[in-house]
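Build the full structure now, drawing on both the sequences and the hints.
Chains A and B, in that order, give the protein sequences. Take the first sequence: its position 25, counting from 1, is numbered 24 in numbering that gives the first Met the number 0, and each next residue is one higher. Take the second sequence: its position 135, counting from 1, is numbered 134 in numbering that gives the first Met the number 0, and each next residue is one higher.
Think of the hints as simulated: they come from the structure by calculation, not from any bench. Since we're looking at a predicted model, the values are computed, not measured. Check before you lean on any hint, since a few could be wrong.
What the simulated footprint calls covered on chain B by chain A, stretch by stretch (three residues with Cβ under 8 angstroms from a Cβ of chain A suffice, anywhere in the stretch; the number is not a length) [stated by the list, open to error]: (1) 22-28; (2) 40-51; (3) 66-80.
For each residue, glycine too, the CB sits at the ideal point set by N, CA and C.
Here's the letter readout for the chains.
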Amino acid sequence: MEIIRIFDTVKQGLYAIKYNNQAVDEFTRLIELWQDLVYLEEFFNTNKNNLQSGYFGTISVDSAIMLTLKDSQALEKQLLEINDSEENESKSLNNIFKPLNNITYKPGDFQKSKAYGVLEKTWLRLYALKVDDNYFVIAGGAIKLTQKMAQNTHTQNELKKLDQCRDYLREEGIFDADGLNQN
Amino acid sequence: MPIIKEKLNNLASKETSKWVEQARWRVANEGWLDKSAKIALKVLRTIREMHLSQKDLAEKLDVSPQQVNKLLKGQENFTLETIDKLEKALNITLIEMPYFQSILKFDPEIFIGIINYTKYSMTSETFSYSDLQNPKTEQVESEPLIYGLAS
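See below:
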């Protein structure tokens with residue numbers, strides 16, 4: 000496992016885990032997948048039941064593919080703007096990544112966070128640990144078609160990856176001993 | 000620098016990922032990438048409907064399955080030659096030219112000119128305005144001189 004620097008500036012930093020069985024870091028891998036039509040066509044056909052269960056209204060596989068493509072491009076643009084606007088407080092990683100749940104974290108834990116796609120009804124998620132104010136490490140991400148992460152195997156796995164990422168950071172001596180970065 | 004950030008900075012790769020560079024490239028090339036995705040989607044939909052695999056399509060195009068997979072990802076700068084091969088292999092229309100489509104419908108002289116050009120047997124003597132509403136131009140329809148993405 001490695002931590003890859005996606006971008007960092009004086010006030011903020013975005014990093015991503017590269018797992019040993021993957022050729023690239025999680026952020027790069029997800030962005031590539033979300034813009035790969037062969038993958039998206041296979042994914043939405045496999046998960047057609049969840050896609051058309053009514054949670055996202057009536058939507059065809061083709062529309063789902065194009066929406067995912069547009070959403071991931073918009074998310075990329077949003078992150079690029081943050082990278083380019085160091086001094087602009089309104090554009091920060093803190094504004095993109097929100098707490099994954101409402102639990103109170105113990106000292107030593109990092110806040111589990113999620114970033115959404117940009118569309119109003121988006122299913123794109125990036126999952127990250129907040130290591131400090133405006134500093135995030137992406138552990139994974141998913142196309143979330145169900146309401147709860149535990150409802151689907153591939154989103155369940157993302158929860159495990161967040162724990163793996165936390166454990167790795169701890170092993171490397173990076174932990175929030177005072178629990179100061181929980182907001 | 001606070002301790003956590005400093006430790007993270009030391010642990011992270013010294014080199015920054017190529018994402019910023021790649022994302023900027025995607026933004027700069029957004030226009031044709033969008034067209035490429037629409038073409039790839041139509042081809043993907045067609046081969047699924049025809050129960051063809053990517054390998055089958057590769058054979059029809061006389062290219063490797065890896066090349067087909069690359070085309071279908073939706074990030075390929077298709078040449079007109081490749082588009083033509085795909086259209087013929089799958090018997091579909093991938094690009095259209097609205098200008099030519101509209102003059103086919105509304106300009107009798109050019110309409111006749113194109114029909115003559117495509118060696119359709121209709122002559123000016125047999126042509127009537129009503130033909131414009133429902134042109135019997137099989138050759139024109141199968142090989143439209145049309146630019147723009149077919150839906």
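Verification of the supplied hints:
Only when three residues or more bring their CB closer than 8 angstroms to a CB of chain A does the claim for the segment 22-28 of chain B stand; here the count is 4, and the claim holds. With 4 residues bearing a CB less than 8 angstroms from a CB of chain A, the segment 40-51 of chain B meets the requirement of three and the coverage assertion stands. Coverage of a stretch by a chain is defined here by at least three residues with a beta carbon nearer than 8 angstroms to that chain's beta carbons; for the segment 66-80 of chain B and chain A the count is 5, and the condition holds.
Violated hints: none; the structure is consistent with every hint.
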